[in-house]
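Enquirer: So the protein lines, in turn, are chains H and P.
The opening position of the first sequence corresponds to residue 1 in my numbering, with each subsequent residue numbered one higher.
The opening position of the second sequence corresponds to residue 1 in my numbering, with each subsequent residue numbered one higher.
Any given hint could turn out to be false.
When chains are identical, the list treats them as one kind, so a pair holds in a single copy or across two.
Stated by the list, open to error - Distance condition first, Cα-Cα at most 27 Å in a straight line; then the derived BS3-like pairs of lysine-lysine:
| id | residue 1 | residue 2 |
| --- | --- | --- |
| 1 | K213 | K106 |
| 2 | K63 | K213 |
| 3 | K165 | K106 |
| 4 | K106 | K66 |
| 5 | K114 | K85 |
| 6 | K92 | K158 |
| 7 | K88 | K66 |
| 8 | K88 | K165 |
| 9 | K165 | K66 |
Since the hints were derived computationally from the structure, they do not count as laboratory data.
2 protein chains.
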Amino acid sequence: MSATPGTLGLIAGGGALPHAIARRCEAEGRALFVVRLDGFADHHLDRWPGATFGMAEIGGILKALKREGCTAVCLAGTVSRPDFKRLKPDLKGASVLPGIIAAATKGDDALLRKILSVFEAEGYAVEGADDILGGDTLPAGTLGTITPLTDQLADLRKALHVAEKAGELDIGQGAVVCDGLVLAVEAQEGTDAMLSRVAGLPADLRGSAASRKGALGKAPKPIQDLRVDMPVIGTRTVELAAAAGLAGIGGVAGRLILIDRDAIVETADRLGLYVWGEPLPETAP
Amino acid sequence: MSATPGTLGLIAGGGALPHAIARRCEAEGRALFVVRLDGFADHHLDRWPGATFGMAEIGGILKALKREGCTAVCLAGTVSRPDFKRLKPDLKGASVLPGIIAAATKGDDALLRKILSVFEAEGYAVEGADDILGGDTLPAGTLGTITPLTDQLADLRKALHVAEKAGELDIGQGAVVCDGLVLAVEAQEGTDAMLSRVAGLPADLRGSAASRKGALGKAPKPIQDLRVDMPVIGTRTVELAAAAGLAGIGGVAGRLILIDRDAIVETADRLGLYVWGEPLPETAP
């Protein structure tokens, strides 16, 4: 990798991830241009150079990236599926939209890969949020001061297994397991809503602040493009997991982005939750 | 099957299914004794002969079944997982509880099979709710007046596929798919809560009363004991599916219990939803 990477075009949806990426670029002195997707991107992104585009204004986005001298793009943040009939594409958008719509019927993954291919075809390198955030992915083993007990790891490993299997079906990235029972599986509602739902289940099914049990597992879909859509946790994830009575949170080491690692550790330690990175199984070379 | 089956011991949890079974026994002149599980069984069941027991009073339940001359039992209705530490077992309960707790850690299916084995060991035949309800399972093809379009069937078949795969993992029985996208997967929250969640997703992801799309699919877990835990729909299911903007509901023919078939058809026709039974694949003899 070059010591001075070129200007990054950050295509920003909602949530905290684009903000974390922008701050990281700033800290590293890397030039940044933010494409704020209208209706999704957070207003905190306004402090960096950028412009707002509708999500089907692909010609406008490509022109702006070129004008700003971007050499790479990073797609990050949440974007809800549009009602394709209501999109207002520009000329370039209209030419690629049919292919995007066709991909969308095959699931989130196909849709994402199709969108990436549009940028790649224009010569942009695609960088993953995890590449840019550097070391801020989940390390193997215990993060923070609380180590999971063997029983707790059994719940976490089952949650990761269910999340992986659900991912194979392009359903989602997360699951909650408590005492061996699958309490919830994440689909389009997202992790936060799933955790809130667990907090509303009968008290006998789950843990509590006084007696924590169960785990949230987040795993990437096997077919997921890790450059764009790697699972993410932040302090809010830890807080909602705590409110659901869970004992901890885990993911696959190197395959879960930590938004503000120090704050995650502080929150988990304070609320009494473990955060665990399951080592990737060794694969033959 | 004997023309005059013996007295049925109905072990009744919550929901409408035990009530439907009791009414069916009454209509057929079959003697019935209802074991109302404390905290779960609906008070509408009080009009039939029966008694209330805590769910760990297994000795008391077996004694009552014997005293009343029951020859068969049917377990029906919903029971949330207990906090085993808080159960108050009687003597017999205390002797079988360790095995039940061990089974419970392996999932709902293992728990259910273990409980059934306790009744079978005492010489009771176990009858499925669908056996007793006779023809009130989903027939193949269209039920009611609305036939699904080809596109709609694609969503339904994907929902059934996801439900079956989720069932293999002992997660749950139901899923909602709209335009090829998995909107929700059911775990411990149940079908009603899942449908309410879909109704709360962004409007662009789902249908509406004016433009219905998407389907609820309910399929039995492959490892599920169909005698006890076959999937069920009722008018409330249809109403909640309608509120979620769905175009229809479906299951595997013969593998979905209809609670009050006529009312389901009337509700679906009135709200504009199809109800579809997917034929079981032919299997080699």
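Enquirer: So, for every hint listed, does it hold in this structure?
Expert: Quick rundown of the hints versus the structure:
1. Within a single copy, K213 and K106 get their C-alpha atoms only as close as 37 Å, which misses the 27 Å cut-off; across copies the closest is 16 Å, which meets it.
2. With identical chains, the CA atoms of K63 and K213 are never at most 27 Å apart, being 51 Å at best within one copy and 37 Å at best between copies.
3. Within a single copy, K165 and K106 get their C-alpha atoms as close as 18 Å, and across copies as close as 18 Å, so both meet the 27 Å cut-off.
4. Taking identical chains as interchangeable, the C-alpha atoms of K106 and K66 are never at most 27 Å apart, the minima being 31 Å within one chain and 56 Å between chains.
5. Taking the closest pair of Cα atoms, K114 and K85 come within 27 Å of each other only inside a single copy of the chain (18 Å); across copies the shortest separation is 52 Å, beyond that limit.
6. Within a single copy, K92 and K158 get their C-alpha atoms no closer than 45 Å, and across copies no closer than 33 Å, so neither meets the 27 Å cut-off.
7. Taking the shortest alpha-carbon separations for K88 and K66, only the intra-copy value of 22 Å comes in at or below 27 Å, while the best inter-copy value is 72 Å.
8. Taking the shortest alpha-carbon separations for K88 and K165, neither the intra-copy value of 36 Å nor the inter-copy value of 38 Å comes in at or below 27 Å.
9. Taking the closest pair of Cα atoms, K165 and K66 never come within 27 Å of each other, the shortest separation being 40 Å inside a single copy and 45 Å across copies.
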